[in-house]
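Trainee: Protein chains in written order, with the UniProt record's numbering: chain A, 1 to 145; chain B, 1 to 151.
It should be emphasised that the hints constitute simulated quantities derived from the structure, not laboratory data. Predicted, not measured: the structure shown is a model, and the values here were computed from it. Heads up, the beta-carbon is just placed ideally off N, CA and C, and yes, glycines get one too. Errors might be hidden in some of the hints.
Said to hold, decoys possible - Interface residues of chain B toward chain A, partial, derived using beta-carbon atoms under 7 Å:
| id | residue |
| --- | --- |
| 1 | N26 |
| 2 | L27 |
| 3 | R30 |
| 4 | K31 |
| 5 | L32 |
| 6 | E34 |
| 7 | K96 |
| 8 | P115 |
| 9 | I118 |
Claimed, not checked - Which chain B residues face chain A? A few, computed with CB under 10 Å, are given here:
| id | residue |
| --- | --- |
| 10 | D24 |
| 11 | D25 |
| 12 | D29 |
| 13 | K38 |
| 14 | L51 |
| 15 | K93 |
| 16 | K94 |
| 17 | E97 |
| 18 | S111 |
| 19 | P133 |
| 20 | L134 |
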Amino acid sequence: MDVVKLQKQLVDYRASLYHEAFLDEQFTQLQELQDENNPDFVVEVVSLFFEDSERLLNELAKALEQQSIDFKRVDAHVHQLKGSSSSIGAQRVQKVCITFRNYCEEQNVEGCLKCLQQVKHEYSLVKTKLETMFKILAAGGSIPM
Amino acid sequence: MAGGGCSKDTAVDFGDQPHVLAVDDNLIDRKLVEKLLKNSSCKVTTAENGLRALEYLGLGNDQRSAMEGTVSKVNLIITDYCMPGMTGYELLKKIKESSVLKEVPVVIMSSENSPTRISQCLEEGAQMFMLKPLKQSDVKQLKCHLMKCRS
């Protein structure tokens, strides 16, 4: 596949991610931070986000399985996830976290379980999208942002 | 950004490459703030919580009189507000209680735009309050503000 076609594919794909609110302006900030000294910055930060989120989602599942749920603990995990998703621009994930925290405050188990499903879903969507984008980037070498 | 007039106590001279201590319990945020600061020509040390930050600054529990009469290692401390254990506000208070460190500007970051929280921090002596997620323009503005404060 020639570079021009790849470039167009990348531009279009990235545009769709913003359009569908998977990503927001904060992701652009991340891209602007990347430079010759740190050419892999975006991939590094996003990989950290994947690792950290997966850990948090596991912790959340465990915490919500308990006989007596520690809502403070659940909220603390959601707060972390909300923070990191916000920092990388994963808007949809962040939005679910806001609702999730409200249910924690209300100590609403059903609401929390629903949100856990939703946040897992949104997370896996954005992960797939970002991985696809990185694949396009990798196929075409370093395409200027 | 040279200023006229007399310069303040040079114990915390900002200089060209300020050394910043960034405190945040979130791994992604730590990496982000580090890059933002490095992009603004700062030297950066990160800490994952208030206790580690205090230890680094020489104010740890077992370091009581170790710092007497010495100059601060850092020119600026930037800390998240919401952290487990010691909050950014509590960290700010400890720093302001220290004779060596109280002149070091402290900036608080938070994802919550709470007026009470903001005034609470400013009243306790925080230099600035910044809303997360941080952008490059925020850090540039921060640097300008702090360099002006110098003189």
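Trainee: Hint by hint, note whether the structure agrees.
Mentor: Verification of the supplied hints:
1. N26: With a minimum Cβ separation of about 5 Å from chain A (threshold 7 Å), the hint on N26 (chain B) holds.
2. L27: 6 Å, holds
3. R30: 10 Å, violated
4. K31: Holds. Min distance 6 Å.
5. L32: Holds, because the Cβ-Cβ distance from L32 (chain B) to chain A comes to roughly 5 Å (cut-off 7 Å).
6. E34: At 10 Å from the nearest chain A Cβ, E34 (chain B) fails the 7 Å test, so the hint is violated.
7. K96: 26 Å, violated
8. P115: It is violated, given that the least Cβ distance between P115 (chain B) and chain A is near 19 Å, above 7 Å.
9. I118: 18 Å, violated
10. D24: The hint holds - D24 (chain B) has a Cβ within 10 Å of chain A, the shortest such distance being about 9 Å.
11. D25: 8 Å, holds
12. D29: 5 Å, holds
13. K38: OK, holds: K38 (chain B) within 10 Å of chain A, min 8 Å.
14. L51: Status violated, d = 17 Å.
15. K93: At about 22 Å, which exceeds the 10 Å cut-off, the nearest Cβ of chain A leaves the hint on K93 (chain B) violated.
16. K94: Violated - the Cβ of K94 (chain B) stays beyond 10 Å from chain A, reaching only about 22 Å at its closest.
17. E97: 28 Å, violated
18. S111: 6 Å, holds
19. P133: With a minimum Cβ separation of about 5 Å from chain A (threshold 10 Å), the hint on P133 (chain B) holds.
20. L134: L134 (chain B) check passes; min Cβ-Cβ to chain A is 8 Å, inside 10 Å.
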